[in-house]
Amino acid sequence: MLLYWNVFLYNNVGFTEESISMVKRKKKILAVASSGGHWIQLLRLRSAFEGYETVYASTNKSNFTDVEHFEFYSFKDATRKEFWNFFIMFFQLISIVKKVEPTVIITTGSAPGLMTLIVGRLFSTRNVWIDSIANVERLSTSGKIARWFTDLYLTQWEDLAKPEGPYFKGSVL
Amino acid sequence: MKIFVIVGSLFPFDRLISTIDAWAATRKDIEITAQIGKSNFTPINLKYYVSLGAKEFNSCFSQSDLIISHAGMGVILKSLVENKPLLILPRRLEYKEHTTDHQMATVNAFSKMHYINIAMDTDALIEYLKEPERIVSRHQISPNASESLINTLRGFIEKNIH
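Quick note, the sequences are listed as chains L and W, same order.
The first sequence begins at 0 in numbering that gives the first Met the number 0 and counts up one residue at a time.
The second sequence begins at 0 in numbering that gives the first Met the number 0 and counts up one residue at a time.
Hint data in this document are derived by calculation from the structure and do not stem from the laboratory.
The beta carbon of each residue, even a glycine, is placed where N, CA and C say it ideally should be.
Among these hints, one or two may not hold up.
Part of the chain L face toward chain W, derived, beta carbon under 10 Å [what the hints assert, rightly or not]:
(1) TRP38
(2) ILE39
(3) ASP65
(4) SER131
(5) GLU136
Build the full structure now, drawing on both the sequences and the hints.
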C-alpha cells in the first residue's frame with residue numbers, strides 16, 4: 000500500500016515539466032463542498048473570491064450550472080461508512096488538487112470537504128474550514144478533525160466558538 | 000396553487016411523503032411535485048421524482064407557491080433568498096430519519112429568529128395544511144454571506160495569495 004502510494008505521488012509530481020509549471024503557477028482558490036446544503040453555503044461566499052482565479056469542486060456533476068463561468072470538477076461522494084467509495088474519492092481529490100494547484104482551499108464542510116483539506120496539506124495549501132450552519136449545538140465530526148488541517152478554522156454559531164478555535168466571524172445568513 | 004416537497008437525497012423521509020400523499024388525495028386542486036430521494040413510500044396522489052437535476056430542481060422551486068421540506072440547510076437558505084413560503088418538518092433521530100438529531104437543533108435555532116414556518120410533528124403539519132394559501136414567507140436574505148464572514152475570508156485570501 001505504502002509503495003503504491005509513493006509511486007502514485009512520484010508519477011504525479013515528480014516530472015521536471017511539472018516542477019517548472021509549479022514555479023510559474025497562477026495563484027488559485029479551490030472552493031469545495033458536497034452537494035446540497037454545504038454547496039449552497041459555499042455559493043454564498045462567492046463575493047469573497049472576486050478578483051482571484053477560483054475553481055469549484057462538488058459531488059454532483061449538475062452543480063456546474065451554478066458556477067457556469069468557472070472551472071468545475073465533480074468527484075464521487077462518500078459518507079464515513081462507505082470505505083471503498085471513500086478510497087475512490089481520496090484518489091479523485093488528489094488528481095483534482097494536483098491539476099488545479101490551488102494556493103488556498105476553502106470548504107463549508109462535510110467529509111469530502113475535510114478530505115480535500117487533508118489532500119491539500121500534501122501540496123502545502125492554505126486551508127479554510129467553515130463548519131456548516133446546520134451544526135448549531137456541536138461541531139460536525141468532520142469539523143472536529145478539520146482542526147488539524149486548517150489555517151483558518153471557523154464555526155457559524157457564536158456559542159460554539161472557543162479561544163483556541165473554532166472562531167466565530169459571522170455566518171452565511 | 001403549486002407545492003414542491005423536498006427531502007434531500009441521503010436518507011428516506013417516509014413520514015413526510017406519506018402525510019403529504021394522504022393529504023393530496025383531499026386537495027386535487029393543488030399541483031404537488033415531490034422529490035422523494037431514497038424514501039421507501041411510493042406516493043399515489045402526487046407527481047414525484049427520486050431526484051432532480053439542478054436545472055429542473057431550480058425551475059420547479061421557482062414556479063412553486065409553497066415549499067414543504069425536511070430541515071435541510073440548502074432548502075432553507077434558498078427559500079430565504081427567493082422569499083419563498085416554506086414549511087419545515089424536521090427529521091428525527093428517534094425515527095431513524097437521520098444519523099443525528101441536528102435538524103431539531105436547526106429548527107430550534109431558526110424558530111428563535113422567526114424566519115420560517117415549522118411543524119414539529121405531522122399533526123402540526125396537517126394543521127398548517129388546512130390553509131396552505133396562508134403560509135407566508137417570513138424573512139428574506141441577500142445572496143451573500145454576512146459582511147463580517149466575507150471580510151474575514153477576503154483578508155485570509157489577500158494574506159496568502161500575493
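Hints and how they fare:
Annotation: interface hint on L/TRP38 holds; nearest CB of chain W at approximately 7 Å, less than 10 Å. With a cut of 10 Å, the hint placing L/ILE39 at the interface with chain W holds, because the nearest CB-to-CB distance is about 4 Å. At about 7 Å, the closest approach between the beta carbon of L/ASP65 and any beta carbon in chain W falls short of 10 Å, and the interface hint on this residue holds. Hint status for L/SER131: holds, given a least beta-carbon distance of 6 Å to chain W, under 10 Å.
The restraint placing L/GLU136 at the interface with chain W holds, with a minimum CB-CB distance near 4 Å, inside the 10 Å limit.
Of the numbered hints stated above, none is contradicted by the structure.
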